[in-house]
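Engineer: Below, each chain spelled out in residue letters.
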Amino acid sequence: MTTRRRFLTAAAGAFAAMSLLAACGQDGSGGGADDDATGTVTYFTFSAAPDHLKDLDAIKAEFEKQNPGITVQVQTAAYDDYFTKLQTAIAGGTAPDTFELNYENFVTYARAGALLPLDEKAKADKDYDANRLYLKAREAFQFKGKLYAVPSTFSDVVLFYNKKLFDAAGVAYPTADWTWADERAAAQKLTNKPKGVYGDYQPVTFHEFYKALAQNGGSFLSEDGKKATFNDAKGLEAAQWLLSKPGTVQPTVAEIGGKADYDTALFTSGKLAMWHNGIWQISKLAGTAGLDFDIVTEPGSTQKANAVFMNATAVSAKTKKATAAWKWARFLGISQKAVETRLASNWELPAVNDQAAFDNYLKKTPPANRQAVFDALSDIALPPVLDAQQSKMQDIVTQALEKAASGQATPQQALDEAASAVTGLIK
Amino acid sequence: MRTAIAVAGFLAPSLLLLLGFWIGPMLGTAWVSLQDWNLIGVPTFVGLDNYTELLSDAEFHAALGHTLAYLAGYLPLVLVSGLAVALLLDAKLPAMTLYRATFFLPVISSWVAVSLLWKWLLNPADGLVNRILGMVGVAGPGWWTDPDWAMPSVVLASVWKDVGFVAVILLAGLQAIPRDLLEAAALDGAGWWRKLRSITLPMLSPSLFFVTVISLINGFQVFDQVWVMTEGGPGGASSVVVEQIVKNAFSYGRVGYASAMSMVLFAVILLVTLVQLRLQRRWVHYE
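From first to last, the protein sequence lines are chains A and B.
With the numbering used here applied, the first sequence corresponds to residues 1 to 427, in that order.
With the numbering used here applied, the second sequence corresponds to residues 1001 to 1287, in that order.
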């Protein structure tokens, strides 16, 4: 009898502890059940870690101050793991209330019904001014004419160059009028292998390829979008342009040996003359002592074309905190605090029309030619988007380029194979 | 009757775990393999479509081929070197426990750690292996950056990690061989090689059979070392079945298709294991 009672007491204790734990868990989502405007809003992001966690904290603190009753809980993941984690969270019914999406993956999530349509929330919110958003970004995050995510940032890719190396080699600095031929000639003069100096660095991947194709006047897909057309003569030239660099003016894959951020280390240590990379590198480079660099829009071939990356904040279709989540998404996009924090820390560019804020940003050096960041926007080449098969398509193209680079196929063979595989993905 | 209840009671905990974490997910996978599902939307039933698509998926076929190529390199190497190590460890030497523990260390190390270690050792630019080769005047290959060497690199790392496991199983088998058999053979004038061939290996065949089956099953599921060392590259040259499953499920949003791949892999492993069980009658001797 005693044992039995003791057992029951223990069981009851354990049960009480469990319900307490469960209650704590529920407390996390806070507030009453019918109140979706206060409580805890979770936010999942790839762009904050590791360089901008403090900046995100500052934005979050200001948001919580202006919106008493709402707490934001931040979760971060590296870009490479981000979408895997997001998918599994959504499938497991634990989707974050708000999460970051990039342009390429946005449609997949919108079509799958994972996102909350935001037009009603936007209309009901007197603090929301759609015109404050950069128009191209606002259009990019619409699906079937409805807004499904609030644009937060954009960034573009430019040509970074090391002025000291150009001076030492007696080569004139790159200008916005440069073409591939100018870049190639300079890269050859600047490469000095005995000294470990390379003239150029551009990854041989999908993102560089679609852009090079656009610079060469080519088109990734046919006009009706039913067929991959990047294996034509223009595509071959674009692939050859990328493939011509490793081993001549750029280290090979074997020389890099899989080291993470090899190119960053090469550039910051003053051993790389030209570097195709995104403006998100500016904050690191500006803080590197002894590095004298500037930027210019990328050289084109028959025309200029610049890669632009756009991110936005989406609200989960399953959220119980829709109003609070909307407020946070809006705040990340257009609030003064978010805009200023992003500009001050070179955390990409806020997707807003705010000339005054940008004027301050433009005055900062280095780089002296910061204007190139905005010049790039006049010739945008957005990546082709293949609905649900985006990452598969990107992998196919990158793999084809790898095949050509490692001699498993000629560039033409690799492109033909990839084009027919990509055409096969289009339904 | 009471015994039956007692037995059921004792079996229940492990049976429940087996059902919940093994059989259940397997049946779930079979069900998902009939769906078109990207994890974020609602699954649609598509019947056997995923399986028919597999029939014409060149990438999957290539991955299957690479997996077989991996096995062709890995299996003989790990068995022969495992046997060699077991024979050495069977010798009567001081501090033998230390040697045994040393060979077993890679077995209990994490796959990711071991793969990273070998990725560094085989780094074409400044890895230890190529440096040593350079000292003796040999230009080392590009290892995992070279399509022809990527799979051999993976095989090398895998053999290094698994040789201790094979050796320990075989060592136990070796020590169970009655010494009088070997002594009798020695008295009859049998040399080392003769004893190995006519007594040790036949007596060891049950252990050899066990490690062969286990190594084949594990070999078909090769993943971690590929993922860390090559990610299936360069240009898909070392892409294997499980790597394709992971990519399809978690990068390409095709969980149903990936599940169909899993079922096919399961069938292949089952088939190979059944064939082995059948063939063992020809070469495995139980006392």
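Note that these hints are calculated values from the structure, not bench results.
Don't take every hint at face value.
[Said to hold, decoys possible] Here are the computed lysine-lysine pairs in the DSS-like style, where the Cα-Cα straight-line distance is at most 30 Å: (1) 284/A / 1092/B; (2) 54/A / 427/A; (3) 164/A / 427/A; (4) 193/A / 1092/B; (5) 364/A / 146/A; (6) 146/A / 163/A; (7) 364/A / 337/A; (8) 195/A / 227/A; (9) 1092/B / 271/A; (10) 163/A / 126/A; (11) 1119/B / 195/A; (12) 136/A / 271/A; (13) 136/A / 337/A; (14) 427/A / 85/A; (15) 85/A / 1092/B; (16) 126/A / 144/A; (17) 164/A / 318/A; (18) 1092/B / 259/A; (19) 392/A / 54/A; (20) 1119/B / 392/A; (21) 284/A / 427/A.
Engineer: Could you run down the list of hints and mark each one as holding or not?
Structural biologist: Results of checking the hints against the structure:
Restraint check: the Cα-Cα separation between residue 284/A and residue 1092/B comes to about 60 Å, which exceeds 30 Å; the hinted pair is violated. Of the pairs offered as hints, the one joining residue 54/A and residue 427/A is violated, with about 44 Å between alpha carbons and a cut-off of 30 Å exceeded. Simply put, residue 164/A and residue 427/A have alpha-carbon atoms about 51 Å apart, too far for the 30 Å limit, and the pair is violated. Our distance criterion of 30 Å between C-alpha atoms is broken by residue 193/A and residue 1092/B, whose separation comes to about 55 Å.
Taking the CA atoms of residue 364/A and residue 146/A, the gap is about 37 Å. The hint is violated against a cut of 30 Å. For a cut-off of 30 Å, the pair hint linking residue 146/A to residue 163/A is broken: about 46 Å separates their Cα positions. Straight-line distance between C-alpha atoms of residue 364/A and residue 337/A comes to about 19 Å, which keeps the hinted pair within the 30 Å bound. With a C-alpha separation of about 46 Å, the suggested pairing of residue 195/A with residue 227/A is violated against the 30 Å cut-off.
A distance of roughly 57 Å separates the Cα atoms of residue 1092/B and residue 271/A; the hinted pair therefore is violated under the 30 Å criterion. Taken as a hint, the residue 163/A and residue 126/A pair is broken in the structure, with Cα atoms around 49 Å apart against an allowance of 30 Å. Between residue 1119/B and residue 195/A the alpha-carbon distance is near 27 Å, which keeps this suggested pair within the 30 Å criterion. A threshold of 30 Å between alpha carbons decides the hint, and for residue 136/A with residue 271/A the separation of about 37 Å lies outside it, so the pair is violated.
The hinted pair formed by residue 136/A and residue 337/A meets the criterion: a straight-line CA distance of about 22 Å does not exceed 30 Å. Restraint check for residue 427/A and residue 85/A: satisfied, since their Cα atoms lie roughly 27 Å apart, inside the 30 Å limit. For the given pair, residue 85/A sits about 53 Å from residue 1092/B by alpha-carbon distance, which is inconsistent with the 30 Å threshold. Restraint check for residue 126/A and residue 144/A: the C-alpha separation of about 24 Å stays at or below 30 Å, so the hint holds.
Pair hint residue 164/A plus residue 318/A does not hold up; C-alpha atoms about 54 Å apart against a cutoff of 30 Å. Between residue 1092/B and residue 259/A the alpha-carbon distance is near 45 Å, which puts this suggested pair outside the 30 Å criterion. Proximity of residue 392/A to residue 54/A is assessed by CA-CA distance (about 34 Å); at most 30 Å being required, the pair is judged violated. A distance of roughly 26 Å separates the Cα atoms of residue 1119/B and residue 392/A; the hinted pair therefore holds under the 30 Å criterion.
Taking the CA atoms of residue 284/A and residue 427/A, the gap is near 43 Å; set against the 30 Å cutoff, the hint is violated.
Against the hints set out earlier in the document, violations occur for numbers 1, 2, 3, 4, 5, 6, 8, 9, 10, 12, 15, 17, 18, 19 and 21.
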